[in-house]
Amino acid sequence: MRNRKSEENNGKKGLKSVVSKTFDIPIETFSNVTQLTVLSNKEAVLEGCKGILEYDDTVIRVSGRKMEIKFTGEGLTLNCLTSENIVISGKIWSVEFIA
Amino acid sequence: MIMIKLLRSFRGTVRFSATGGAVERLINLTAQNKLNLWDFRKTAPGVFEGYTIAKEYKSLARLARKAGVKTRVRKRFGIPFIIHKYRRRLGVFIGLAAVLLFILVMQNFIWSIEVSGNQTISSESILATMEELGIHKGAFTPSLDFKSIELAARARIKGVSWVAVNQTGSKVWIEVQESVKAPEIIPDAPCNIVASKAGQIVELQVFSGQAVVSKGEAVDKGDLIVSGVIEDPAGNTTMRRASAKVTAVTQFEKIITVPLSTQQKTYTGETKNRYILDFFGLKLPLYLATKQDGEYDLSSSYQKLTLFGAQLPFGLYTNEYKFFETQTTEYTEQQASEQAQQLLKEYEDSDLKEAEILDKQTSQEVKDGEFRLTVRYTCREEIGKVQEIYTNESEN
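Same order as they appear, the protein sequences are chains A and B. Going by the working numbering, the residue at position 30 of the first sequence is 30; the numbering climbs one at a time, nothing skipped. Going by the working numbering, the residue at position 39 of the second sequence is 39; the numbering climbs one at a time, nothing skipped.
Because the hints were derived from the structure by calculation, they are not lab data. Certain hints may be false.
Just some of the chain A residues that point at chain B, by a computed CB distance under 10 Å [stated by the list, open to error]:
1. SER17
2. TYR55
3. ASN79
4. ILE86
Listed below are the simulated BS3-like cross-link pairs for lysine-lysine, each with C-alpha atoms no more than 27 Å apart in a straight line [to be verified]:
5. B:LYS42 - A:LYS91
6. B:LYS55 - B:LYS42
7. B:LYS55 - B:LYS70
8. A:LYS50 - B:LYS75
9. B:LYS42 - A:LYS70
10. A:LYS50 - B:LYS55
11. B:LYS58 - B:LYS75
12. B:LYS42 - A:LYS50
13. A:LYS91 - B:LYS5
14. B:LYS34 - A:LYS70
15. A:LYS42 - B:LYS5
16. B:LYS34 - A:LYS66
Label-pair restraints from in silico Cβ distances [stated by the list, open to error]:
17. A:PHE23 - B:GLN32: 55 to 65 Å
18. A:SER83 - B:THR306: 46 to 56 Å
19. B:GLN32 - A:ALA99: 22 to 32 Å
C-beta: ideal position from N, C-alpha, C; glycine also.
Make the full structure from the sequences, and use the hints.
As C-alpha cells, this is what we get:
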C-alpha cells in the first residue's frame, strides 16, 4: 500500500517536473511549496506558511506546508504578517529546514 | 513605504505591549482574523511590542485574551487621535473650514493677469481693453466667456493679429501676437539733388541726372545742383532719380550759451515711504493722509505678493518720497567757459562728425547774465540732399 502511494507521488512529481521543464514554467506556479526569499542576512520573506510555532528575538520557528523552518539570529522581528506570508527582519544567522 | 505610512496615519495606529501567555498563538490568531500587525518585537524578557490599526486594536485585545496574553496600549498615533484631542476646540475646526471655504470660493476669481508676446503695444493698453471686456482682478471667472473675449479683443486692440486668453486656476495669461507691418517699399520716384547748406562746390560726381551747377560755383541752401529731369536732343523729357556726390566748403556760425547762475537740486538724504495695499485692484492706503512738507521727488513701485510661487490677488505699492532743497549755483566766467567748451566738443562729435573742419574762429562775451561762445566754422562737407520731384502722378 505504502509503496503504491509513494509511486503515485513520484509519478505526480515527475509529471509536474516534466511540464515545468518542457514549457519552461517555474515549478512554484503549480506546486504547493513554501517559498523563501532571503535578502542578504537582513530580511527573509516566507510565502505559504501555516503559522508561528515559536517567536523570540533569537529564534523564530514557522510551520511551512510540508516542513518546519527555523530562523536563528539576533533582534529578529516580525515585520509584516498576513494569513500566508510573513516578513522577518533582523540579523539572520541560520535557516534550518526540519522535515 | 511613505504611502503605507500615510495611510496608516489617516487610519490611526496604536503601539501596544503584549506580556505573558502564548505570543505565538496571538500572532497566528491575528493572521487568521486578517488583522494588521507589524514591527512585533521583543523589547524585554517576556515583553513584546507591536503596532496595529486603531480600529483593530479591540479585536486584537480579544484574541490576546484567548491566547492568555495581556495587552496594553503604549502610544496612539495618527489623524483620528489628533481630531479627538482637539474635538472640543471648535475654533480650530471653524478656522479650517473657513480656510477651505475661502480657497474654494476665491479660486473662482481672477487673482492675477499676465500679458506676454507684446513688443510695441504696451501691456497697460492691453489690460485696459481687457478690463472693458470683463477681465480684471477680482472678476468672477465662471461668468466669463473667454472665447468671445478673445474675438472681441482681436477686433479692439489695434496692431494685433492674434490674442489668446488662457486661464490656469485663478491666474489669467493673455498671449498676444502683434501683426507684422509690410516692409516699406522705397519708390523709384524721380528726384533732384539740392543743396542742404550754402557753400562753394569743390567736388561734384554725378551718378545719375543732369548737373545744373559746376565745380567752383557757389550755391545757396535749397539751390538745385543735379536735376532729375533730362531733356534729349529731340526735345523729349524723361524723369530720373538723380544721384550725386556733392562736396562743398561751407561757412556757418554756432553760438553756445551757458547761464552764469543755475538752480540745482540737492537731495537732503531724507526719504519717506508710504504703502498702499492693492486688494483685487482696490487701492487701500496704509497711512494717514497728511500733506508732505518740502520739495520732493516721488517714485512708485509695485510688488506682487506670492505664496509658494503662486501669485496672490494682493500687492503692495510703495511710494518713495525723496526730499531735496533747491540751491542757486553761481559760475565764474572761467567755469562757464569750460562748460561751453565741453558742449562745443559734444556738438562737433555729433553734428560735425562727417565734416572736415578747415578753420574755426572763436569769440566769447558775457551778456545778460550769460556766457556766450560764438564759433565760426569753415568746413568741407557733403551738402547734396535728395528732393522728390512732385508730378501730377505722384500727387494723385
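Here's how the hints hold up against the structure:
no., hint, in the structure
1, SER17, "violated (32 Å)"
2, TYR55, "holds (5 Å)"
3, ASN79, "holds (6 Å)"
4, ILE86, "holds (8 Å)"
5, B:LYS42 - A:LYS91, "holds (14 Å)"
6, B:LYS55 - B:LYS42, "holds (23 Å)"
7, B:LYS55 - B:LYS70, "holds (18 Å)"
8, A:LYS50 - B:LYS75, "violated (31 Å)"
9, B:LYS42 - A:LYS70, "holds (17 Å)"
10, A:LYS50 - B:LYS55, "holds (26 Å)"
11, B:LYS58 - B:LYS75, "holds (15 Å)"
12, B:LYS42 - A:LYS50, "holds (22 Å)"
13, A:LYS91 - B:LYS5, "holds (24 Å)"
14, B:LYS34 - A:LYS70, "holds (24 Å)"
15, A:LYS42 - B:LYS5, "holds (21 Å)"
16, B:LYS34 - A:LYS66, "holds (23 Å)"
17, A:PHE23 - B:GLN32: 55 to 65 Å, "violated (36 Å)"
18, A:SER83 - B:THR306: 46 to 56 Å, "holds (52 Å)"
19, B:GLN32 - A:ALA99: 22 to 32 Å, "holds (25 Å)"
Of the hints listed earlier, those the structure fails to meet are numbers 1, 8, 17, in rising order.
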